[in-house]
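A.B. asks: Take the given structure of chain A and dock chain B to it, following the hints.
These protein sequence lines map, in sequence, to chains A and B.
Numbering-wise (our numbering), the first sequence opens with residue 186 and increments by one.
Numbering-wise (our numbering), the second sequence opens with residue 3 and increments by one.
The set of hints was computed from the structure by calculation and includes no laboratory data.
We put the CB at the ideal spot given by N, CA and C, even for glycine.
Any given hint might turn out to be false.
What the hints assert, rightly or not - Simulated restraints, written as ranges between beta carbons of each label pair:
no., chain 1, residue 1, chain 2, residue 2, range
1, A, Arg389, B, Ala61, 33 to 43 Å
2, A, Pro277, B, Ile20, 47 to 57 Å
3, B, Met27, A, Val334, 48 to 58 Å
Said to hold, decoys possible - Part of the chain B face toward chain A, derived, beta carbon under 7 Å:
no., residue
4, Met7
5, Asn8
6, Trp9
7, Thr10
8, Val13
9, Ala61
10, Leu68
11, Ala69
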Amino acid sequence: MAKIPNNRAWWLVLPVFLLVAFSALVPLMTVVNYSVQDIFGPGQAYYVGTEWFKEVLTNERLQDSLLRQFLFSGAVLMIQIPLGIGIALMMPKSGMKASLVLILLAIPLLIPWNVVGTIWQIFGRGDIGLFGWALNSMGFDYNYTGDTVDAWFTVLLMDVWHWTPLVALLCYSGLRAIPEAFYQAAEIDRASKWAVFRYIQLPRLKNVLIIAVLLRFMDSFMIYTEPFVLTGGGPGSSTTFLSQTLTTMAIGQFDLGRAAAFSLIYFLIVLLISWLFFTAITHADKEK
Amino acid sequence: MLAWMNWTPSVAIFFAVIAAILAVMTVYEIVSPCAERKGFLPIATTRGDRLFIGLLSAAYIHLTFLAVSDITLLVALAVSVVWLLVLLRWG
Numbered sequence: 186m187a188k189i190p191n192n193r194a195w196w197l198v199l200p201v202f203l204l205v206a207f208s209a210l211v212p213l214m215t216v217v218n219y220s221v222q223d224i225f226g227p228g229q230a231y232y233v234g235t236e237w238f239k240e241v242l243t244n245e246r247l248q249d250s251l252l253r254q255f256l257f258s259g260a261v262l263m264i265q266i267p268l269g270i271g272i273a274l275m276m277p278k279s280g281m282k283a284s285l286v287l288i289l290l291a292i293p294l295l296i297p298w299n300v301v302g303t304i305w306q307i308f309g310r311g312d313i314g315l316f317g318w319a320l321n322s323m324g325f326d327y328n329y330t331g332d333t334v335d336a337w338f339t340v341l342l343m344d345v346w347h348w349t350p351l352v353a354l355l356c357y358s359g360l361r362a363i364p365e366a367f368y369q370a371a372e373i374d375r376a377s378k379w380a381v382f383r384y385i386q387l388p389r390l391k392n393v394l395i396i397a398v399l400l401r402f403m404d405s406f407m408i409y410t411e412p413f414v415l416t417g418g419g420p421g422s423s424t425t426f427l428s429q430t431l432t433t434m435a436i437g438q439f440d441l442g443r444a445a446a447f448s449l450i451y452f453l454i455v456l457l458i459s460w461l462f463f464t465a466i467t468h469a470d471k472e473k
Numbered sequence: 003m004l005a006w007m008n009w010t011p012s013v014a015i016f017f018a019v020i021a022a023i024l025a026v027m028t029v030y031e032i033v034s035p036c037a038e039r040k041g042f043l044p045i046a047t048t049r050g051d052r053l054f055i056g057l058l059s060a061a062y063i064h065l066t067f068l069a070v071s072d073i074t075l076l077v078a079l080a081v082s083v084v085w086l087l088v089l090l091r092w093g
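Isolated chain A, as found in the complex (with noise of 0.2 Å):
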């Protein structure tokens, strides 16, 4: 039988759930309570039931923006882990050129949400931004106001340029953690560089990679910010996403009931998929 740990270390997190239960515990009990409720005001509510839940479930706008959102996390995903790793593998090995690189890919991750949205917000302008005039002097009719394939370029294209060197500084700390001998078997045995790329640092990299994709994912799915300020979710609803869509209801129209029902079935959403990443990883740590 498998060794019994110590519980009384439990003692030690109380202060933490205490913590906890006043910051997350008593207002998701609250968004419970209210995703039951048609609420007009203080005192005013109404018990409804599962209403709320089921216009939600049903409710096509909210379809439509559950799809887009998955969309663009896969979209993120498929663009910036590829990406991620091919620049991580191009970057100098050490000395001062290393140095460099690893500054100027910091640069776009210290840069806050909104303004990373106001920047690409000019930068793509077809008058004044730089991209965008650029596309248009070259003949592109490019217009992310008013063409819905070209906002969502736009929108994917700002949070690769956001995010990727993300992926890129995991992978390379994952990449400088392969000891050198690994590739003096591989020089020996006249590997190709697939072959070291695919037997050696691929498998090395697993575990930087769940690390990077779960970030990414994360991020990408709660993404409200930079399409905010860039797009404002437009042209129509085409780039709203989840929490845009969120907001509205609760802020904008002060739909709390429905808000609360929404939000409880996004809460599901990444519980859901969360708890699959982390049981990826520590089943990565248990196979070692």
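C.D. replies: Okay, now just chain B, sitting in the frame of chain A:
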């Protein structure tokens, strides 16, 4: 004091049941500690893992019932309880 939380009886029962399950599982764990084992799930799990998986899937079972049918949620509840017990025993 708790007026701002807008408590309703059904939600109160829901959280009370969850709290009771956690309390019972804690006592059970102290009385007879469990070891990680492999059941029909693709991963090795402890009792707590299986409880979490069971509760999370119960939430999804309820939502699925709500989304695709108009029958009473008591059916979904029954399905969830059976699934939770199966999971705890053989999962």
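A.B. asks: Could you run down the list of hints and mark each one as holding or not?
C.D. replies: Hints, one by one, checked against the model:
no. : hint                              : in the structure
1   : A:Arg389 with B:Ala61: 33 to 43 Å : 37 Å, holds
2   : A:Pro277 with B:Ile20: 47 to 57 Å : 54 Å, holds
3   : B:Met27 with A:Val334: 48 to 58 Å : 52 Å, holds
4   : Met7                              : 5 Å, holds
5   : Asn8                              : 5 Å, holds
6   : Trp9                              : 6 Å, holds
7   : Thr10                             : 6 Å, holds
8   : Val13                             : 5 Å, holds
9   : Ala61                             : 5 Å, holds
10  : Leu68                             : 5 Å, holds
11  : Ala69                             : 4 Å, holds
Against the hints set out earlier in the document, no violation occurs for any number.
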